[in-house]
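If you read the protein sequences in the order shown, they are chains A and B.
Residues 1 to 331 in UniProt numbering are what the first sequence lists, from first letter to last.
Residues 1 to 331 in UniProt numbering are what the second sequence lists, from first letter to last.
Please note that the accuracy of each hint is not assured.
As the list claims (entries may be wrong) - DSSO-like mimics (lysine-lysine), calculated; alpha carbons at most 27 Å apart, straight line:
(1) B/K228 - A/K228
(2) B/K228 - A/K9
(3) A/K9 - B/K2
(4) A/K228 - B/K9
(5) A/K228 - B/K180
(6) A/K2 - B/K200
(7) A/K2 - B/K9
(8) B/K200 - A/K200
Said to hold, decoys possible - Stretch by stretch, here's where chain B covers chain A in the computed footprint (C-beta under 8 Å, at least three residues):
(9) 19-26
(10) 50-59
(11) 97-109
(12) 219-232
No lab work stands behind these hints: they were computed from the structure.
Ideal Cβ placement from N, Cα and C applies to all residues, glycine included.
There are 2 protein chains.
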Amino acid sequence: MKKFVNDPKDYVAEMLQGLALANPDTLRYVPEYNLIMRADAPRADKVSLVQGSGSGHEPAHVMSVGPGMLDAACPGDVFSAPPADFVYETVKLVASPKGVLLLVNNYTGDRMAFEMAQELAEADGVTARTLFIDDDVSVQDSTYTVGRRGVAGNFFVLKAVGAAAERGADLDELVRIGEKVNSVTRSMGMALTACTPPAKGSPLFDLPGDEVEMGVGIHGEPGRSREKLQPAREHVREMLTAVVDDLPYASGDSVALMVNGLGGTPVGELYLVYGLAHRQLAERGIEIARSYVGEYCTSLDMAGASLTLVRLDDEISELLAAPAGTAIRVF
Amino acid sequence: MKKFVNDPKDYVAEMLQGLALANPDTLRYVPEYNLIMRADAPRADKVSLVQGSGSGHEPAHVMSVGPGMLDAACPGDVFSAPPADFVYETVKLVASPKGVLLLVNNYTGDRMAFEMAQELAEADGVTARTLFIDDDVSVQDSTYTVGRRGVAGNFFVLKAVGAAAERGADLDELVRIGEKVNSVTRSMGMALTACTPPAKGSPLFDLPGDEVEMGVGIHGEPGRSREKLQPAREHVREMLTAVVDDLPYASGDSVALMVNGLGGTPVGELYLVYGLAHRQLAERGIEIARSYVGEYCTSLDMAGASLTLVRLDDEISELLAAPAGTAIRVF
């Protein structure tokens with residue numbers, strides 16, 4: 001294993017310490033519960049947004065805390081759901097009189113932790129609701145999932161409810177917006193290489209040098225098929241066809257297109273993939289109104305990428321365009 | 001080779017097409033000269049800034065075009081300097097009455113191409129100046145270099161002169177600012193793995209599974225030493241010591257600290273490295289006033305990172321904090 005790591009068991013804590021040190025004015029790290037929160041949370045005038053999942057998907061979710069985005073993120077260890085009591089403590093720390101919205105990707109372990117935390121917090125008098133995200137069209141059930149997995153499309157649900165929350169929308173309104181965005185969002189990814197969890201020290205699965213995992217999960221879960229490596233345009237066509245046919249997206253639709261890197265793929269390749277996807281969508285008569293290219297939800301150091309489409313309307317477009325800020329920035 | 005690529009010889013052109021398609025309102029791709037320029041360049045009220053180098057270092061430099069940054073970038077093929085005539089055509093396309101400033105990392109091939117382009121442009125009546133950047137403390141001369149290499153510290157020179165250019169500073173003033181920032185900027189990087197150029201199809205150099213290249217160049221050039229893989233804190237200490245001792249940076253200094261990923265290292269590891277570097281600087285009494293964590297100047301898919309320090313004063317701090325925008329963004 002070749003990684004920047006000290007003791008692998010300290011990987012997540014040391015990453016979070018670095019994140020807080022780099023953002024001293026805006027973020028706070030709470031080591032007792034392994035959480036990152038906005039320095040100004042909770043605010044009485046807005047619903048607080050909380051998300052968590054296993055670590056290893058950065059910038060999701062600990063680097064998505066900030067104005068117009070999350071109020072707190074409570075990550076578990078690499079690829080492990082956070083403990084329910086840590087989620088509960090997170091909810092209490094950011095509890096606002098307007099309530100708390102929990103955003104959860106659809107994995108069995110995450111659902112259990114967040115549902116238990118919600119019950120505990122409600123018993124304490126906190127108003128809380130939960131939104132589940134399940135945008136991955138690759139497989140119906142999966143290694144860690146009943147139903148579809150939640151992957152990079154999470155970003156769009158969070159961005160939209162985050163913008164609405166910042167303006168004072170109430171919990172019911174946020175649930176309506178989040179469910180609506182999730183309902184028009186679809187993703188699929190593929191792996192060129194396996195990822196290596198720090199504590200394991202070796203690749204999580206075997207992938208021969210001339211094969212790809214089409215429809216891979218963000219924890220290395222199997223996808224639809226093991227295929228031979230092809231020119232990029234063929235892989236893009238297969239992913240895009242699966243995504244487009246699922247909703248389906250149709251000629252005349254206006255969409256957001258995200259090309260998400262899985263951690264080990266350089267941004268130059270992501271823009272190459274973007275160009276191919278853009279043209280293939282244009283051939284179908286689908287208009288790309290918003291573009292996202294970079295890393296949003298990764299799988300440690302996995303080489304690979306996912307494509308996400310969101311069907312836009314005026315409400316969603318406006319929420320996606322609203323100002324926001326996180327630790328991930330250039331300047 | 002496992003990459004998103006069609007024909008490797010089209011890699012750069014297809015990446016640039018994707019970049020322009022994702023930014024239709026702000027960027028223009030000119031295929032004849034393989035360049036990316038601002039849609040609103042040239043502007044008569046500002047000096048135009050142009051940069052180029054081999055491709056494979058993205059986001060440098062083609063994804064650094066935008067307000068407060070570059071007016072145009074003319075990349076060569078992967079790890080190859082752009083042809084002098086393409087640089088010349090780029091300079092002509094963005095020539096402003098206030099002149100053109102060429103920013104060039106110190107590599108022999110890039111220097112030759114840009115110096116020839118400047119001469120040709122001046123013969124056409126364009127006022128042009130060139131700024132060389134050489135922040136890498138690793139080695140004095142290198143495979144492609146007489147003198148020190150220019151690496152990720154380039155970002156700070158560009159950001160500062162970009163901010164000043166946007167406000168109407170003249171060429172002399174921009175050269176003064178750029179030389180000043182370069183003179184207080186130092187970097188060093190290390191590779192955990194080699195990178196694989198698309199046209200080569202195999203790793204550029206051999207690096208055993210338990211070794212790192214300390215002081216690696218961004219084209220895979222040898223650094224100071226081949227070393228055994230160590231806990232991250234030891235590697236960070238070695239890089240930081242080399243950087244700090246070089247200027248030297250001293251107790252009481254206020255600095256910007258950049259942790260730059262080389263392409264294959266996930267952002268979680270970069271934040272872990274950031275935390276270690278931050279604390280080691282604090283132990284030396286050096287205050288970190290600005291933080292940068294992410295990919296700024298990469299080497300294709302190389303796993304690794306570099307550290308850059310900039311000694312700040314009021315002028316540099318203010319220029320680094322000024323608004324700017326490029327293709328690399330989250331929202």
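Here is what the structure says about each hint:
no., hint, verdict
1, B/K228 - A/K228, "violated (35 Å)"
2, B/K228 - A/K9, "holds (21 Å)"
3, A/K9 - B/K2, "violated (30 Å)"
4, A/K228 - B/K9, "holds (21 Å)"
5, A/K228 - B/K180, "violated (52 Å)"
6, A/K2 - B/K200, "holds (23 Å)"
7, A/K2 - B/K9, "violated (30 Å)"
8, B/K200 - A/K200, "violated (32 Å)"
9, 19-26, "holds (count 4)"
10, 50-59, "holds (count 4)"
11, 97-109, "violated (count 0)"
12, 219-232, "holds (count 3)"
Of the numbered hints listed earlier, those contradicted by the structure are 1, 3, 5, 7, 8 and 11.
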